[in-house]
Amino acid sequence: MDLVRIQKQDFSVSEEIELVKAASKSIGGVVAFLGTARDISKGEEIVKLDFEHYPGMAEKKLKEIRDAALKNFNIIEMGIVHRTGAIDIGENIVLIIAAAQHRNDAFMACEWAITELKRITPIWKRETTKKGDVWVEEHP
Amino acid sequence: MDLVRIQKQDFSVSEEIELVKAASKSIGGVVAFLGTARDISKGEEIVKLDFEHYPGMAEKKLKEIRDAALKNFNIIEMGIVHRTGAIDIGENIVLIIAAAQHRNDAFMACEWAITELKRITPIWKRETTKKGDVWVEEHP
Amino acid sequence: MVIKVRFFAMLKTKVGKEEANLTVPENISFDKLRDMLKKEFPALAEFIDGKSIMISVNQEFADKNTIIKDGDEVALLPPFSGG
Amino acid sequence: MVIKVRFFAMLKTKVGKEEANLTVPENISFDKLRDMLKKEFPALAEFIDGKSIMISVNQEFADKNTIIKDGDEVALLPPFSGG
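Protein chains in written order, with this note's numbering: chain A, 1047 to 1186; chain B, 1047 to 1186; chain C, 2 to 84; chain D, 2 to 84.
Just so you know, the hints here were simulated from the structure itself, not pulled from any lab data.
Any given hint could turn out to be false.
What follows is a list of derived Cβ distance ranges for each label pair [as the list claims (entries may be wrong)]:
| no. | chain 1 | residue 1 | chain 2 | residue 2 | range |
| --- | --- | --- | --- | --- | --- |
| 1 | C | Lys33 | A | Ser1058 | 48 to 56 Å |
| 2 | C | Asp32 | A | Pro1101 | 24 to 32 Å |
| 3 | B | Lys1094 | D | Glu19 | 44 to 52 Å |
| 4 | A | Ala1069 | C | Glu19 | 12 to 20 Å |
| 5 | B | Val1180 | A | Asp1134 | 48 to 56 Å |
| 6 | B | Thr1161 | A | Ser1070 | 31 to 39 Å |
| 7 | A | Lys1094 | C | Asn22 | 30 to 38 Å |
All C-beta atoms in this analysis are idealised placements derived from N, C-alpha and C, irrespective of residue type, glycine included.
Given only the sequences and the hints, what does the whole structure look like? Please build it.
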């Protein structure tokens, strides 16, 4: 399984962590960020979410994020999985896992990577509320 | 299952996250720190680890950490699990999960909680190397 | 020369299609391409002018210095909201 | 009055036991208790003097102001290394 993926189906956080941990026995700290679909956005009740991505370019950007994280932070491995398509409230959206010898490096790399993902990855979220659909334009 | 526990057996990161996520549908960002047993410590090859805790006091301190995190950070829920007894290389040691509406709060609370855990929780690690056993005295 | 133009998310809705082929002059500059896109897809003119969208060429972010070649894939990317 | 003293990790190894009952005067101060512990468990004197260990009373961190009562559980805690 690829460490960096965009997929329709859900993922297992435990399995993704095992995939990342397989890189080295020197891993002592793993930090995972899991983004989930929450029921309220700017005071509006959300019914469901839909994600669209630019196939090819989105995957390429995620791979660039992993490469840059491995280069710029003292981490051993990183995995990134983002879902696309329809996502219900409470479901998983995105997972970023940073594994390092020491926890500080893992925290820094994970936090940087999710910020960078939101900045450069061509993925778009449509929120369905009781009033209708809207493509989300701002960064949260 | 209690959100804050010390136990001999391994835990599932996915199941622990589900336990924390059950608190609210408004959770949008979950940050998990997973500490694992690495094979090298200060240049020395580690064969295995053993953890001892002060039963009662250690659990009390972990609960205090969760209470303080819920009070001082803008998070919705926190879970803390620490293993005790013998732990092999690569295995899970500790898991801290912080769940919030927004990711920044979850990152801050999770990072604070693991630092605080190391500072105030009466848990001790014994490293077995090829040269013998040693109780670890310093904070990493 | 002919390039392919792709639309995503809200822009796809505005234009009413996912992609279009566009005939443009050889050696067209990036700025000229922006102007042509506004003329060809007037529904998007305000977004292109407002600079709220990014343009990619062959799946890389493009800017004034990007050279557009025959067969290139150009995409109009509204603000991202992944994660 | 009698208190229970518990030892953990490396201190348990040094003393060679997990716990001990210790008879101490009524109204003993925290500092006096430290002195008694050093006398009673000489193997631990250097750790208690070096301040590298913490002392808990009834599973709470204790200090100069802590009052020790009959039946209390005192524990000598070497530096923590959990996490």
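Outcome of the hint check:
no., hint, verdict
1, Lys33/C to Ser1058/A: 48 to 56 Å, "holds (49 Å)"
2, Asp32/C to Pro1101/A: 24 to 32 Å, "holds (28 Å)"
3, Lys1094/B to Glu19/D: 44 to 52 Å, "violated (22 Å)"
4, Ala1069/A to Glu19/C: 12 to 20 Å, "violated (38 Å)"
5, Val1180/B to Asp1134/A: 48 to 56 Å, "holds (50 Å)"
6, Thr1161/B to Ser1070/A: 31 to 39 Å, "violated (24 Å)"
7, Lys1094/A to Asn22/C: 30 to 38 Å, "holds (34 Å)"
Going down the numbered hints, you'll see the structure goes against 3, 4 and 6, while the others check out.
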